Amino acid sequence: MNKIKRALGKLIYVFAKHLPESYKINIGQRKIRAFCGKCLLSKCGKNVNIEKNAEFAYSVELGDNSGLGINCRISGKTLIGNNVMMGPNVSIFTKNHAFDKTDIPMNRQGMSCEKPVIIGDDVWIGANVIILPGITISNGAIIGAGAVVTKNVPEYAVVGGNPAKILKYRK
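Residue 22 is where the sequence shown starts when you use the numbering used here, and the numbers rise one by one after that.
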């Protein structure tokens, strides 16, 4: 049954990902993409919003009332908590190119081991954010638009820049 469910989700998502953004005209695209999420994702909560052209690994876990932004790219195991907002063009990476050996060209060294990304509850990830492998973004954090997150983000921190730095705390 799981294989049939996943195949159905893949088939529908081929078309559903091209439907309009959820905030534009309502032709049921939010519900259709949420159905695909329930078929494809490792875990998919209630009232999720998977936006137009989102690309994601099936190992993603998406919490209740959370969303994947327009054109987002999530490459591997990523745990997304409840009530997470994600702007457009967010990229989340869980692997990187291997580059340890200097006697072998980098393009022939393959990939590093996967390091899952963890995003807590009540997090806001702005547009064009890049999150690198193994990062934890704690509850209540805000990631400013265009930030490149290279280090863990503490609870209620507001971070921005490249590399992202703590700008202030919400508390």
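The set of hints was computed from the structure by calculation and includes no laboratory data.
Treat the hints loosely; a few may be bogus.
[What the hints assert, rightly or not] BS3-like, lysine-lysine: derived pairs with alpha carbons at most 27 angstroms apart:
(1) 26 to 67
(2) 24 to 45
(3) 24 to 64
(4) 172 to 186
(5) 59 to 98
Nothing here was measured: the structure is a model prediction, and the numbers come from that model.
Each hint, compared with the structure:
no. : hint       : result
1   : 26 to 67   : 18 angstroms, holds
2   : 24 to 45   : 33 angstroms, violated
3   : 24 to 64   : 15 angstroms, holds
4   : 172 to 186 : 9 angstroms, holds
5   : 59 to 98   : 16 angstroms, holds
The structure fails to meet hint 2 from the earlier list, while all remaining hints are met.
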